[in-house]
Structure formats: structure tokens, C-alpha cells
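Here is what each chain is made of, one letter per residue.
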Amino acid sequence: MVDFPPLNKISRRSALALPLGLAASTISNNFVKADEPVRGGTMVMIVQPEPSTLAHYAVTAGNIPPIATQIYEGLVTYDWDQNPQPNLAKSWEIAPDGKSITFKLREDVFFHNGASFTSADVQFSFMEILKKYHPFAPLLLAELTGVDTPDATTAILRLANPAPYLMKALAGRDLPIMCKSVFEGTQILQNPSANKPIGTGPFKFGQWDRGQFVRLDRNEKYWKPGLPYLDHIIARFIPDAATRSAALETGEAHFAGYSAVNYADLARMKTNPILDTTMKGYEMTPALSVLELNAKHPPLDKKEVRQAIAYAIDRKVILRDVMYGYGQPATGPLSKLFKTVGFYTDDVRNYDVPDRLDIANKLLDGAGLPRGANGMRFGIHLEVNSFGEQWLRQAEYLKQALAIVGIDLTLRSEDTATWLRRVYTNYDYDINEPFLSQGVDPVYGLNKQYLTSQIRKGVTFVNDSFYSNPEFDNILNEAMREQDHDKRAALYKKAQQILAEDCPLVWLIDVQYVSVFNRKLHDHTTGPLGTQQAFERAWLEK
Amino acid sequence: MKAGFTRFARNRMALFGAAVLLCLLLLVLFTPVIYPDNPFKLAGPALQPPGGRFLLGTDTLGRDIAAEIAYGARTSLIIGVGATFVAIVLGAVAGGVAGYYRGATETVLMRITEFFQTIPAFIFALLIVAILSPSVSSEIIAIAAVSWPSIARLVRGEFVSLGGREFVQASASLGASDARIIFHHMLPNCASSIIAVGSLLIGTAILLEAGLAFLGLGDPNVMSWGLIISAGRAVLRSAWWICTFPGIAILLTVLGINLVGDGLNEALNPRLRER
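So the sequences go chain by chain: H and Z. Numbering of the first sequence is given in our numbering, commencing with residue 220 and proceeding in unit increments. Numbering of the second sequence is given in our numbering, commencing with residue 167 and proceeding in unit increments.
Just so you know, the hints here were simulated from the structure itself, not pulled from any lab data. Each hint should be verified, as a subset may be incorrect.
[Claimed, not checked] Computed list of lysine-lysine pairs in DSS-like fashion (alpha-carbon distance at most 30 Å, straight line):
1. K443(H) with K761(H)
2. K521(H) with K713(H)
3. K739(H) with K443(H)
4. K706(H) with K207(Z)
5. K522(H) with K207(Z)
6. K713(H) with K440(H)
7. K522(H) with K555(H)
8. K350(H) with K309(H)
9. K558(H) with K761(H)
10. K207(Z) with K521(H)
11. K618(H) with K521(H)
12. K581(H) with K712(H)
13. K618(H) with K207(Z)
14. K712(H) with K761(H)
15. K207(Z) with K440(H)
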């Protein structure tokens, strides 16, 4: 094994160059073909922004999994068709009534602290950590009443009702497995392993130099023989977008996922001979950019007005000029990524029709909102999303687009804390422009956004538009428990049609993330979870 | 005054500055005629280089950069002049009262002034705008709040030195009221220094405003130079013109104001007259 120098003693540049050089020297004698994996090397990936914590089991910010999933694994992984594949669980069986899932676990797995992995860890992770402290696992595990552990390699998940979506969420990203002996008898949220994570994954936590990098080291005792190929992964944090791009262009960093590179820079990156880009690896990371309309604020309480806003916006302009062409115009409440699993439908009210402006004007006239002397019908505010420049650009476009149909939009941009409080606690907003992650199953994205029970004052990114439709609620609750895939798909189709008609939100862009990588790095994107699963097969060409 | 004007006119750099400012003023006055449309309007295809249908090109959303700069000039001037005016009024009142009454009043007022001076100006301005929520008026308040202490110290110093002069003591002994002494005798005598420093303050205020807008704390409904630059920063290496032209506009304006300020200082400051 390569001896690793203490990183805090040497400069940033040499910190990256040195281990690479050392690793290279150990294998430089061997001539290796480009398509055969090579052991060794240090991969530098850019993670943006720096996570505030690595407590993957308690915080779900999108910048944690690229690091945490190298360390924590799940019971299964997913193939490109999003079918579960054995991982910590060798096999599983779902009971005919759907009310229990029996997992057979591997017996040759050890945590990084030496403890062997057993069914007790599964039981503790699900019942004592995830169900209690994870932000959205309580929703995914709502039906889970207990985990039986008849022996060390058998874990039986007991469910009050069938939960067909659960089999989609068992990867290390969504429901990671932690070590019971590390957490037992401690305050879970204060556990020292929060920022020094201990898992079963291919990489062990090495060091976190705040503001600079996290270093992960090869797990020599990893249960998959011969893996991982890399000696180290360094997750670097570079706040400035131009510097991130430069780090990739100079070869200093090998990988930047999750659109850590500005969309504006991608065209230039594509012409760089050492770099390549991919849009794969985000198939299980659906997200939509939307407008939330506050139905408590007239005239947004009128369906016709909400629909008129949806008609007035040209999504193709947003896609071209704000998103630089990455993504697709959203057609309804679910991302097109759900097409693979059969839940997406475009058989809903279509807001992108050639005569959309005429329709919008007619709807507004019909709602009793004639144009005034200045050509405007009414004025409302838009809260500008404070998570980046592109949202202000989008807001500026929306102001122009809505002015055409006589809606006078005033933009309000505030700092993140004030914005979130205004929208989700005080409800003192007309239109909000968030970005919604939709999870691995419609249960996640639809339930939290549109159920009446999800109108929860003070909770961010839930139902803040006051959408409440009992018929719709019933359909979603039924779909949640329906075991038959086709019946479930039919229910979600109905749900999407109702939503598109009621128009509580305006769906703008089906977001497409992009990864930029150095051509010397191979096998980095090996499944639909992409950046949010372990780089166990990734290897660096010499 | 006429002698002062001659002295100003003898300074070529000051004349150049004045010419730049005159052009800027004309641009602001005729903006609604040249560009009758809203500067946020999507005028054409995005990222058009300068020289084609659009004199200075278009930005990432396809807005005409020339129109954006013209409307941005108005914002910059309104905020620059507005903030400076508020700062001068505040500073003159605080400094004047302190310099005239001296004693405990002076101690209290000058400690407050110094307290404000110790806070880094830009960070303090950021904080104020963030609290008040970004708008033209909150930017004026924020910039004035960080600019008034220098005026206060200047006016206090002038008042202290003027307080001992014969003409002030003469009017005091003739029974003139405090207000009459302050407004008729003392303020006019330090007007030249205030004008010289104030004119430089406008330049600083314009820079502060551009900085605030660059960081996303400008009024999102009003076009400004900082906003154009911050929007163009992402594409700096592929579309240089978006950041460059507003940058030149800021440079020329602040340079012009500084040259005029220096010229005024030389023309109005008796100690520099014989140079």
C-alpha cells in the first residue's frame, strides 16, 4: 500500500500530485491496455458545494451522497433498468400478500471498524436510525412495523401494508446500512461517526480538511474481491465555478458530477481533448423546476388564472437560454425519467400548444381580470430562488413572459433563510420558483408536494401551494399500497391528469444533470445512481 | 466663483472628466428616446457578438446590452447621487452639531461616527440590504449609511476651525441665533470642501452599487451595471462582451467623477489655489 503523507503538511497542489506520482511509480513497470482496469491511483472528484456534514443517515442534501455512498452501502444496487441487484443482500423474497420482505444477507462483509455485518445492523439501521432521524425515510418506511432477525444472515421487513416502492429505495443513497455497535446506546445525532463515517463500502473515511477536501482510502478488506481499483478518492471543494472548470481542464480533477460545472462552460469543455461529458447516471435522480402558486392569494385561487400562467410561459426559451439546452420541457407533474418504470404519462392537459397565448388571454378575460390602462390585469410577486444565478435569469424571463398576457410580475430576491421562511413558514408569497427532487418513486415526489396532509407550516419543500383535493388524495393513498404494477401505473396516470388540470404548480423544466470527466478515468458511471453510488469499479489509466 | 471656474477649466483632466459625465448625462436623458423598450425585453437571439444588429451584442437571455447599459446608467446615477445626498445631509448634521456645540455632544456624536467607521463598509452595506430586502431605496439607505461618517468628520473639523474665527465670534456677539450662525456663516464656508468630497463620494457609491448588484443584492426589477456583469460572469470566457461593456461604463463614470472631484477640490480649496 502506498504510504500517504499527512495532507495538512503540504501544499494543495502537491497534495494532489504526490499520491498520484507515488501510485504511478508502483505500477509503471506493467504495460496495461486502456480497456483493462488498473489498480491504484487517486481520483480527484469535485463536490459542490462542500457538505455541512457527512451524517448521510440524518441529512439528505444532494452533495453528501457522492462522498457517503463510497462508505455506506445498501442492501441492493440497481441495474440500468432500475431492477434491484444483490449487494449486501444476496437474495430476497417478497411475501405474496406484500406484507413482508425476507432478505438473505452476505456473511463475508465487515464494517470498516472490523465488526462483521449481520441482520442486527439491518434491524438497527432501519428501525432505530432511518425511521427516526432520516428526513424522508419515515415516508418510505411508513408501513414498516419491525425487522425480524431469526439468524445473523436473515432480515425480515414486516410491513403493515404492501409498500411496492420500497424495493426502489434500498440503495446506499436512500436507505444506507450503518453499524449497530457504533451507534447503539449513543445519541444518534451526536454520534462521533457522523463526520467520520463507518460503513461496509469500498472506501474508508480518511480525512476531512474543512474548506479543502475529504480523503477516502481503499478498503483493503472489501467483500468484493479485487475491488476497488483506486487507492484513494479525494473529494475537492472549490467554491468558484470558473476555478472548478479550470481544475478539470488542466487535469487536476478527474470528475465533476451533479452539474458542478456551470452549464455555460460545458460547450467549451466538450472541445477539450482530455475531457468528456455524460448525462448518464442520473436516471434515478429525477428533478423538476417548477413554479408554486399560492392558492390562498387571489387571483391565484382561480384555476383559470393558474392555467393561464402555465400557458403563458415558453418552456423552450427557459431551456435554451437559462438551462443552456440541458433538460427537457416539463409536460406535467412527474419527470420523464419515470417513463422507464412506467409511471410517467404525457396524456395530460398540454400547456405547450401553438395558440397558448390566446388561450391564456381568454382564460384571464374569463376570470374577470380585464387589462387596465397600462395593459396589465393584475400585479403579483415572484420570490427569486436564491440557490444560484440561473434562477434570477429564469425570473427575469418569467417577468417578460407574463407581461405579454397582462400579468405584472415584481421580482423579490432575498437571502436563502429569509426566502425559505417567507415561503414555507409565513406563506407570504404569490409565486415561488423552487427546484423539486422527485426521488426514486412517485410516492416521494407526489405525496410530499400535493397531499393535503403535507400542508405543514414551517417544513420546507412540501405542499405550500395549499393544494387540497380529496379525490386526488385517495388516488395517491391507494397507489401507495397497490402491489400490481399496471394498476399502480393507471392510478398515477389518473393522478397526473387531475394535477395537470388543477394546475397547483406550473411545471417548467425536466432537469438534466451532467457529469464532466477526464478521459483517463474509466467505469465511473456504472448504474442509474451514477455519482451517488460507489466508485468501486472506477480506474485511472496511466 | 468665476475665478474658481477658470481654475477648474485650466485642469485638462478635470475637463475630460466633465466631458465624460456630460455624455453620461445626455445618455440618461435620451435613453427613453433611443431605447423606448424595457431593457429586460428579450430583443433577439442570445449571445450575439457586438457589431451586428445589436451595437454591443446581446446577453445570455438575448437582451440588448446597449439598452441595458443605458438604463443601468440611470440606476447608477440615481443611486450614486441619491446616496451621496443622504450621506451629506446626515454627515453635515452630525458633524456640524458636534463641531459647533463641542463638549459632551461632540464626544457622543464623534464616537458614534467612529463606531460606524470601524465596520467594513461593503460588508455593512451587504448586511443592510439583506435585512431591508433588495430595492433601489434600500441600496440608497445602505450606501448612505456607510458613507456619512467621512462627511461628518470633515464638517466637524471645518466647524471647529471656523468656530474660533473673528466673523463667527462677531456675529455671536451681535446676538445671532445658533441656526443663523450655522447656516449663514459656517456652512457656506465649508461648502467647497463638502462639494469636493461629496463628488468623490458619488463615484464610491456607484462602485458600491455595482458591487451589491453583482452579488445579487441589487433590485431585481431594475437594470443596473452590476447586474449585467454578474449575469455575464458565467460566460466570461465565451461571451466577453457582456461583462466588458458595463465594466468600461463603470470605469469611465467613476474615473470621470474622480477627475471632476479632483478638479473641484483644486479649484475650491484655497490652500491649493496657488499651485
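| Has the given pair, K207(Z) with K440(H), been kept, meaning a C-alpha gap of at most 30 Å? | Not OK: K207(Z) and K440(H) at ~61 Å, beyond 30 Å, violated.
| task | Mind checking the alpha carbons of K713(H) and K440(H) for me, to see if they're no more than 30 Å apart? | result | With a Cα-Cα distance of about 50 Å, the restraint between K713(H) and K440(H) is violated, given a limit of 30 Å.
| query | Given the proposed pairing of K207(Z) with K521(H), does the C-alpha separation stay at or below 30 Å? | reply | Cα-Cα ~28 Å, so holds.
| field | K739(H) paired with K443(H) [C-alpha distance capped at 30 Å] | value | Cα-Cα ~23 Å, so holds.
| Restraint status (C-alpha distance of K712(H) to K761(H) at most 30 Å) | violated (50 Å)
| said: With the threshold set at 30 Å, check whether the alpha-carbon distance from K706(H) to K207(Z) stays at or below it. | reply: Violated, because 48 Å separates the two Cα atoms, which is more than 30 Å.
| field | Proposed proximity, K555(H) with K522(H) (alpha carbon, max 30 Å) | value | Holds - the C-alpha atoms of K555(H) and K522(H) are around 25 Å apart, at most 30 Å.
| query | Taken at face value, is the distance from the CA of K761(H) to the CA of K558(H) at most 30 Å? | reply | violated (39 Å)
| query | Holds or violated: K522(H) with K207(Z), Cα cutoff 30 Å? | reply | holds (28 Å)
| request: Sort out whether K713(H) lies within 30 Å of K521(H), counting only the CA atoms. | output: Satisfied, since the Cα-Cα distance of roughly 22 Å is no more than 30 Å.
| task | Sort out whether K309(H) lies within 30 Å of K350(H), counting only the CA atoms. | result | holds (23 Å)
| query | Would the pair K581(H) and K712(H) pass a check requiring their Cα atoms to be no farther apart than 30 Å? | reply | Holds. K581(H) to K712(H) sits at ~28 Å (cutoff 30 Å).
Of the numbered hints stated above, those contradicted by the structure are hints 4, 6, 9, 14 and 15, listed in ascending order.
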